[in-house]
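Asker: Spelled out from the first residue to the last, the chains are:
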Amino acid sequence: TEASVQVSEFNVSCKGAGEKLVLSELLQPIKAKSALSSVKKELNRVKQKKAVELPLSKEEAERVVREAAYVRTSKDVGKWQQVVLQNRRAEQLVFPMKQELVAVAPLEQVVSAWKARTPLEQEIFGLLHKTQQPITDPLLTPQEKASLQAMSLEEARRRRAELQKARVLQSYYEAKARREKKIKSKKYHRVLKKSKKRKALKEFELLRKSDPEAALAKLEELEQLRMEERMSLKHQNKGKWARSRAIMAKYDLEARKAMQEQLAKNKELMQKVRVELPEEEPGDVPAEDLVSESVPAVPVDASGANPWMLGKPSSPAKEPEVQEDLGDVTEPAVAESKEEMSEEEMSEEEALLQDFEQKRHVRRQQAASPELQGAELVARSDVGSCVPQEVVSELPEDVSVDPICTEEQVSVGIEQPSQAQEELLLLEQPSRVQTMEDIEALASEERADEQETPVATGTEKRVHQQEQGRAEDRQAKKPKAKKTIISLQAVLAGKSQEIQCPSLPVAVEEEEGGFDQRGVITEAFAGDDVVADFRREKRKAEQAGKPQPVNLVLPGWGEWGGTGLRPSKKKMKRFLLKPPPAPPRKDQHLPHVIMSEQRNIHAAAHQVSELPFPFEKHQQFERSIRTPVGPTWNTQRAFQKLTAPRVVTRAGHIIQPISAENVPSLSRGGRALLRRRPWGRGLGRGGRIAAGPPGGGGLGRG
Amino acid sequence: MCGGGGQPAGRMRVKVLSRNPDDYVRETKLDLQRVPRNYDPVLHPFEVPREYTRALNATKLERVFAKPFLSSLDGHRDGVNCMAKHPKSLSTVLSGACDGEVKIWNLTKRQCIRTLQAHEGFVRGICARFCGTSFFTVGDDKTVKQWKMESPEYGEEEEPIHTILGKTVYTGIDHHWKEAVFATCGHQVDIWDEQRTSPMCSLTWGFDSISSVKFNPIETYLLGSCASDRNIVLYDMRQSTPLKKVILKMRTNTLCWNPMEAFIFTAANEDYNLYSFDMRFLASPVMVHMDHVSAVLDVDYSPTGKEFVSASFDKSIRIFPVDKGHSREIYHTKRMQHVITVKWTSDNKYILCGSDEMNIRLWKANASEKLGVLTPREKAAMNYNQKLKEKFQYHPQIKRIARHRHLPKSIFCQVKEQRIMKEARRRKEQNRRKHSKPGSVPFVSEKKKHIVAVVK
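Protein chains in written order, with UniProt numbering: chain A, 1 to 702; chain B, 1 to 456.
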């Protein structure tokens, strides 16, 4: 202990503390004086009066004060009791309780508070001042200020609006150009090119009127272009396309026509531009204009040889002409396409009806000629296995499907052999064989088809042979006699194999494959009978689990004993104690399970041996363990709730001591302190708790 | 299949799988792929064993990653005697040494940013003003000095704002949490107004040197002090009177109030224990925290009020949960000597301790915590692991792994010795009880054992 300036009151001794002081004694020395007699009298009077109680000693008084103060303070502090208990019990506490707003001090304040002191700082400040760098509020240099003042608000607005408009227009234009650039249609580009050309011509006309010299220059330019064309090999019959057309021209009218078109174009392009040609044109131009208004892309005045004219199949003006050209019925495809064009004007339903009519007509024609029988077969099988036709009939408004369909149908008629084969290949796609019944149904259908068309034409035979060829790839060779029927089946089976969804169980293959597998397994494990072994083992376990009788027989006790002598039956009966039968085994109704009820010491090392503190019953504890909290067993939301931490703090935030302001019960309008979980631990999952198996983590027995 | 014979009238039924795109389409490509899950318990069997394994792994990993020591702040030239937290800045901490030097540290840079010679002799106490603009120191030279928190400007002298010359040595100081008032202790508890050079009031109860005084952070008029005559005294500043005194068996070195529970304080005692008291019921402590093997010199609460850290003469610091009798963590290094002072930072993340061998050490409050920003998945995994550890904490394997700590040999031996001594005492008492008149040797609970008296 350190030396103290003050001295403890306990060390000071005061003698005679118990004796009483009498006032009159004090006055004895002044007895003689008569002047004080009155005082004496008074004092005597006082003496007669009853004495006032002694005041409490200083320690006593202090103690009383202390006690009162303590009671009061304890009461004051006691108001926190509820809050403290609540916080202790809270599932989650979030700190800091009061979110402090970060106040950013304005720059001016910071800057004004700071003064340059060191020589370096002063120098820098001097420089800044020289350039009139602003330090305080507006934060604009004089130049900036001047520039701000130079332009009035309205002017600025106007200019801004202009700029905006220009920008918008530009963006529109760009978007349009991009869109146009993306268009793949050749026809569109052709039309575009032509319209451009026409425009150029028009301009040229105007130019010629207004400025002949410039027109001449332009003409020269055109001449230049022509020369280039002559030099180039374009539009001559040298290109890949042109050559292919030339080959096709022998058979195909269309190709021939295309070639002619090209030649004509070449010729036209190679023609020298005569200067007097413009004189003829003035008459033509208006006419052209008129036509171009009504029919946008087709100049009427051009002759039939004009390539620009010919490359216009879709224009309605041209349609009848073409029809006349290709009047013969031997080309149903063209007729079909023609029909389609005209159909667009008709109502859609009508169009569909007509279409079907057309198809039926075509089919009848095909049936008439023996060559087309293969195609018919195809069509029929088409019908058998959900052809697009039916889809169309279901959805009559769907026009886009229709032409394709018809085209397909018709094209079958044209190129019979190859197309028929293709159709067969294609056929595999839409029909899906899923079950045994389906397969059988299909097979029977096919057989019916076969019977209906007993006369196998040459094409059909070919088809069958091809099918067979494919079937051979997948399956072992079948006897030749059954060829026709089996090959069809094989095709169907193969098809199902190809298209099968893996998720759908298919009985056929599995049976075939599984059979072998099982055979192999049984063969491999022929020796060991696992099931019998297991049964034997279980029986042994059952036997071992049964309580054994206790033998208390003492041979020779109360009778003769020795070799060859056995205790009497009576004795045996009396002293062989049979234990009560064991409780029924848990696995007695489970033939494939052995349940051992012995304590496993390896597991015991991981088990809790005594009930931990907060729990009162072992069931409580087991329940707490049994409820899983992981995301494997809980939804994301439940998982988050279950694993919410007890205390949440934010990094870099100062946690202030709790104060009455942020406790709602102590001060009104405070922030909510606690975030309570809507449901308690384990309560929300009662069903799971009941259903869950007893865990290895539970209380160990024994 | 519709019937053969080419009748197109049959209606075809096409069976297709149809799923709601909301179930499998991500909102943005940055989202995780949504995996539909079936939570049928039949499909996920063995939940308890699986979770147990996870908990075991989590516990092991926790021990693997338990690397609490972050850094050591060296620069003092004598033992660190006291420390103070900056009330507004997490990265600033003040420390006073036995040679009268005060240093201010930047924790992010782990550097000393300012050094000042505050006193001659020890700096006995240091505390920051609640606003963080200045701090106070007391020293062996019988002075109380107030300093600016900011370092002096260019060309300015390093001088205190105020200096109060006292008559006696001050051994501790603490500042009021809201007002411009501070309290010193020495031979009595003095309460000062910052503007005046003489105390507003002096509180005495007995005459012995008082080693520490602390303001209650919640009910700010309350003060607690502990003196060398083994007592803890509570004061009320409003009524300028002591309230109550509790005398323990041995001297209390310091005490600390719980920042979340107004009436709870913890006292660090010379008898190796810490005692948590409810100030309304001083007759017995709420909890006795035992684990240290030498005198406990300092204690500081975590700002969440759930735990506290104690510094001991046995060269270690321990972290105790408020409601547990034993520590959850012990920190020590080979070079750390007697730890004199300890602080828990205001963001609940770090612990600072100042020791005899002139270093201040920075520790993580949670030894295996990953520092820095965590991704949401990391955070979820961390929470899950925490929950699992909590759930399976009573299982022997997990308990063993979670509790295992390496101890320095001295502490290890002393712990063993303590255990033996305790057992011997228990046995002796048992024997005495056995051989004396029934009831003459009463059972005294551990909580009551250490209290001598409560003085009103």
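In case anyone wonders, no lab produced these hints; they're calculated from the structure. Careful: at least some of the hints might be erroneous.
[Said to hold, decoys possible] Cross-link-like lysine-lysine pairs, in silico, BS3-like; alpha carbons within 25 Å at most:
| hint | chain 1 | residue 1 | chain 2 | residue 2 |
| --- | --- | --- | --- | --- |
| 1 | B | Lys60 | B | Lys364 |
| 2 | B | Lys370 | B | Lys306 |
| 3 | A | Lys641 | B | Lys456 |
| 4 | A | Lys75 | B | Lys214 |
| 5 | A | Lys617 | B | Lys349 |
| 6 | A | Lys98 | B | Lys349 |
| 7 | B | Lys306 | A | Lys79 |
| 8 | B | Lys379 | A | Lys115 |
| 9 | B | Lys178 | A | Lys79 |
| 10 | A | Lys199 | A | Lys265 |
| 11 | B | Lys448 | B | Lys60 |
| 12 | B | Lys448 | B | Lys324 |
| 13 | A | Lys641 | B | Lys389 |
| 14 | A | Lys75 | B | Lys178 |
| 15 | B | Lys434 | B | Lys399 |
All of these numbers come straight from a predicted model, not from anything done at the bench.
Asker: Taking the hints in turn, state whether each one holds.
Answerer: Evaluation of the provided hints:
no., hint, result
1, Lys60(B) - Lys364(B), "19 Å, holds"
2, Lys370(B) - Lys306(B), "20 Å, holds"
3, Lys641(A) - Lys456(B), "49 Å, violated"
4, Lys75(A) - Lys214(B), "20 Å, holds"
5, Lys617(A) - Lys349(B), "37 Å, violated"
6, Lys98(A) - Lys349(B), "18 Å, holds"
7, Lys306(B) - Lys79(A), "20 Å, holds"
8, Lys379(B) - Lys115(A), "46 Å, violated"
9, Lys178(B) - Lys79(A), "20 Å, holds"
10, Lys199(A) - Lys265(A), "19 Å, holds"
11, Lys448(B) - Lys60(B), "38 Å, violated"
12, Lys448(B) - Lys324(B), "17 Å, holds"
13, Lys641(A) - Lys389(B), "17 Å, holds"
14, Lys75(A) - Lys178(B), "22 Å, holds"
15, Lys434(B) - Lys399(B), "36 Å, violated"
Violated hints, in rising order: 3, 5, 8, 11, 15; the structure is consistent with all others.
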